[in-house]
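Chemist: Please construct the entire structure, taking both the sequences and the accompanying hints into account.
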Amino acid sequence: MYTNECSVVYLEQVFLFEEGVTLDYSVYPRHNVLCIDMRSFYASVECVDRGIDPMKAMLAVVGDPNRSGSIVLAASPALKKTYRVSNVSRFFELPDDPDIIIAPARMGMYLKVSLAITKMIKTIVPKEAIHVYSVDELWVTLDGTERLYGSPVEAAEMIQQRILDQFGIPCAIGIGENKFLAKVVMDIHAKKATSGIAECRYEDIEKLLWPIEIGKIWGVGSRLRKHLNRMGIFSLGQLANHPLEQLKKRFGVIGEQLYWHAWGIDLSPVEGDFTKAEQKGYGHGITLLRDYKGAEIPTVLLELCEEACRRARKDEMYGRTIHLSIGYSKEVGGGFSRSMSIDAPTNITMAMHQVCMQLFHTFYDGYSEIRRASVSLTNLSRDAGIQLSLFEDQRKSNIGYVMDAIRDKYGSTAILRASSYTEQGITLERSKKIGGHYA
1 MYTNECSVVY LEQVFLFEEG VTLDYSVYPR HNVLCIDMRS FYASVECVDR GIDPMKAMLA
61 VVGDPNRSGS IVLAASPALK KTYRVSNVSR FFELPDDPDI IIAPARMGMY LKVSLAITKM
121 IKTIVPKEAI HVYSVDELWV TLDGTERLYG SPVEAAEMIQ QRILDQFGIP CAIGIGENKF
181 LAKVVMDIHA KKATSGIAEC RYEDIEKLLW PIEIGKIWGV GSRLRKHLNR MGIFSLGQLA
241 NHPLEQLKKR FGVIGEQLYW HAWGIDLSPV EGDFTKAEQK GYGHGITLLR DYKGAEIPTV
301 LLELCEEACR RARKDEMYGR TIHLSIGYSK EVGGGFSRSM SIDAPTNITM AMHQVCMQLF
361 HTFYDGYSEI RRASVSLTNL SRDAGIQLSL FEDQRKSNIG YVMDAIRDKY GSTAILRASS
421 YTEQGITLER SKKIGGHYA
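According to UniProt numbering, the sequence shown is numbered sequentially starting from 1.
Treat the hints as calculated values from the structure; they're not laboratory data.
Values in this document were obtained by computation on a predicted structure and should not be read as measured data.
C-beta: ideal position from N, C-alpha, C; glycine also.
Where hints are given, some of them may not hold.
What the hints assert, rightly or not - Pairs of lysine-lysine residues, derived as PhoX-like cross-links and limited to a Cα-Cα distance of at most 25 Å, are as follows: (1) 127 with 80; (2) 280 with 293; (3) 192 with 56.
Unchecked claim - Pair ranges (Cβ atoms, derived): (4) 341 with 51: 55 to 63 Å; (5) 116 with 87: 20 to 28 Å; (6) 195 with 338: 51 to 59 Å; (7) 354 with 382: 48 to 56 Å; (8) 234 with 53: 37 to 45 Å; (9) 358 with 402: 22 to 30 Å; (10) 358 with 409: 29 to 37 Å; (11) 82 with 367: 24 to 32 Å; (12) 82 with 226: 40 to 48 Å; (13) 316 with 337: 47 to 55 Å.
Modeler: The structure is reproduced here in structure tokens:
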């Protein structure tokens, strides 16, 4: 969602730091944008399904309770407050408290509820005014709805109540001139507010956002925070009043993005068809449940290539560059990531697999056990660009489409390669999961 368009259009608005200098916000667009976040979404859905209060129950959603090292995907607000459990905690780190409910992840149910919430919001605003950010978070643009729903705060209260009444799920809502302001004020203030709603306009930035520690701002990770701290930047206000040229010199385009966001400027579109995005590539990866020996990897790579090419075929796209990434076991560490471009673009599984195996045999050290593998097909085009050969069996290019059609009609495991049924196969187990967790 970042854009450097602001640095081109409004370059004349750049000021070096001096006491009291501000931007002329009259030249910047103003919208009414909501950022809606479902509070501890997975945990809330599990609580509602059990008929208990999401805000009072102590419940943890665990990826796989049969594994002590499994991650805690979500913790209810009460559990977070009582034991400081976070969404990066591990199952074995949970306190031994009989009041804590352990819920195995049910990704299918969470997606179903998420889609139902989005469908409900489509009855309030047009679909073009909705930008789904994740399974539990979305933006809604309210421009032109004042006669229907009143002020942005009144509309936010109405949406918040509808979500609670229809789904039993509490939510926090940030209101701002653009997506960035709505998101940040939601993260920083709405989640702590009794009402669960907070608003930040351009005129409120200095008071509400500038005192905030830079690492708490959306888009600033731990690594970037350390770099900014070394420059003497510890708050959003210090970032806003840091010379833009120095930020550009240090971070390039990212430096411009940081600067403008610190002033609350975000020119990314607030309306449009956000369901369609330009596809850059088709990739698939996995963290294996055990360490694999080198001789076992061809089966894994074949199944990963199958899925990547299936998606490419569905979109009628072809790729010229094939990428392979291998991560060794935790005890060994390291791995490699290499790519190769081919003469004619392809979406044929076996053609992609052949290139991946060539890369694997070239760069694999020959002895390390493997825990992670991923493949991708990039440098895309809609033209296969293939000159037919009198000596090549062209039927192989049709096999994938036939297999795709069978799977679309009868399910993802309706037809599999024989290797998928071996001990090394991963497709059967993955078919039971959504996003790496059981459905």
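Chemist: Run every hint past the structure and note whether it holds.
Modeler: For each hint, the structure was consulted:
| no. | hint | verdict |
| --- | --- | --- |
| 1 | 127 with 80 | violated (34 Å) |
| 2 | 280 with 293 | violated (31 Å) |
| 3 | 192 with 56 | holds (16 Å) |
| 4 | 341 with 51: 55 to 63 Å | holds (56 Å) |
| 5 | 116 with 87: 20 to 28 Å | holds (23 Å) |
| 6 | 195 with 338: 51 to 59 Å | holds (53 Å) |
| 7 | 354 with 382: 48 to 56 Å | violated (23 Å) |
| 8 | 234 with 53: 37 to 45 Å | holds (38 Å) |
| 9 | 358 with 402: 22 to 30 Å | holds (26 Å) |
| 10 | 358 with 409: 29 to 37 Å | holds (34 Å) |
| 11 | 82 with 367: 24 to 32 Å | violated (48 Å) |
| 12 | 82 with 226: 40 to 48 Å | violated (31 Å) |
| 13 | 316 with 337: 47 to 55 Å | violated (28 Å) |
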